[in-house]
Amino acid sequence: MKKRFSFYIGSYLLRHLQSMLFSLGRLWRQPFSTFLTIGVIGIALALPAGLFVLLQNINNLSNQWDDASQISLFLKQDLHENQIKQLNIYISSWPQVAETNYQTAEQSLDEFRELSGLGHLLDTLPDNPLPPVITLYPQNENLSADDIRALLEKLAALPEVVQAQLDMEWLQRLRSINKVLARGVSLLALLLSLSVVLVIGNTIRLAILNCQSEIKIMKLVGATNRFIRRPFLYTGFWYGLLGGIFAWCTLLFAMSMLASPINALTIQYASDYQLRWFAGALLLYLPLTGLFIGVLGAWIAVGRHLNSIEPN
Amino acid sequence: MIQFTDVYKRYPSRYEALSGLSFHLKEAEMAFLTGHSGAGKSTLLKLIALIERSTHGQVLVNGQNLSRLSKGKVPYYRRQIGLVFQDHNLLHDRTVFDNVALPLVIEGEEHREIGRRVRASLDKVGLLSKERSLPIALSGGEQQRVGIARAVVNRPPILLADEPTGNLDPDLSRDIMQLFEQFNQVGVTVFIATHDLDLVQSMPHRQIAIQNGRIDSRMSL
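Protein chains in written order, with the working numbering: chain A, 1 to 312; chain B, 1001 to 1221.
Hints were generated in silico from the structure; no laboratory data involved.
All C-beta atoms, glycine included, are put in the ideal place defined by N, C-alpha and C.
Not one of these hints is a red herring.
Partial pick of chain B residues on the chain A-facing surface, computed with a CB cut under 8 Å:
no., residue
1, Ile1051
2, Pro1075
3, Tyr1076
4, Arg1078
5, Arg1079
6, Leu1083
7, Asn1089
8, Leu1091
9, Leu1102
10, Pro1103
11, Gly1108
12, Glu1110
13, Arg1150
Straight-line C-alpha distance at most 25 Å; calculated DSS-like pairs for lysine-lysine:
no., chain 1, residue 1, chain 2, residue 2
14, A, Lys85, A, Lys154
15, B, Lys1026, B, Lys1046
16, A, Lys216, B, Lys1073
17, A, Lys216, B, Lys1046
18, B, Lys1073, B, Lys1046
19, B, Lys1026, B, Lys1073
20, A, Lys216, B, Lys1071
21, A, Lys154, A, Lys76
Sample of chain A residues facing chain B (criterion: CB under 7 Å; computed from the structure):
no., residue
22, Ser11
23, Glu214
24, Ile217
25, Leu220
26, Val221
27, Gly222
28, Ala223
29, Thr224
30, Phe227
31, Pro311
Given the sequences, and given the hints that come with them, work out the whole structure.
Here you go:
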């Protein structure tokens, strides 16, 4: 009994292996049309994957900038230097605060004079119009956006503070844009996946029509639908798998084309940012996605057409 | 083995191919189904092979009531019937061996057993030396013998043939018929539709004649 069981398992696997290789051989014998199909599938998969890589890179970049987010505290002008120093010590003892930097009104003026090139204009003013400033870097790792907002309110409520300003609004806008882009990429990925299903479905449909007489004969000698379906499902399997690998190669090519101009760009910004494109993860996910979509497309096409082919 | 009771077959175009047909073929019997073309011979064989279903009446084959057989069981039912066609219905991109092996491959037979039985079957029809040829390289008579080898390779209890000698000259036709007789002698029920009356009358087997979808009792022997 046990032997019979293992025999069935063995012959089942053998039959699958047979139709797997059989369908691969069939694709091999029509290299041109096979390549066209794989190319279409590959590009359709590469597009959303490429956009995903782009989006991830933008996210990474904006996360880097997130670390640099800072709060500027503009203080009342009539404070004594000691008061400011005490305030500085007090604030830097808060757990939310990583680092503070204290700048007197005079230093602010010097800095402004240096950076703006409007020094002579400032000389005409009777008083220094600039306030003393404490620049404060929050403890970013542990703080959510809400925590930062709470910190900001707490700082603004201090009697010595005129205004507490978070230099992060543009970053939030970038984030929102990113979210819109991410949604767009998901939609695009969905549409392109659907087109892969349709491409594979149509290719399988043509293959089935080509094999119409063969299918009829197989049905006449007692083949089950499952038996006839199997090689077509494996055709979809191969199309999807090879299409996924093609997509990965396309991305590899695109990234190698982009690498040097991006490097040149980041050097100009004195950044050491490296373009990441998740080669390992994509090498896993692209063929897997292709394979899944391929089998799905084949399944739909085979189901629709096998039943319509009956011997007569 | 094959029993028709008051069987009707009506096509959607209202054309009635079979009208109230009844007959009984015993196990291990060999019989010819005769009649003009259009008399309903092919329709009758299609009902037995479950390529079509009767509109009314009962068809019993090998103890199974065909009108009660669900769609999913049809492939397994067909494996009990060897079918031979006038135009052979061979796969032209596969060798003679692969063509004959098809029913065994479909049943998931073991590799070594397939080789053994295909060769035995080809030997029986005298084509063992052609196992590696493509069907296109064979003559009409040889292609028909490949078709017969495929029909019997999984040892079905019933063999149906629809005009198997339709395209063959008289000598080849006689060879083919003798081949069917040999299978009948080892216990296979053989039912052959043909309009070749000369050939039929030269052989000592029962004859079921149909005309306009009914049994023609004057012609049936």
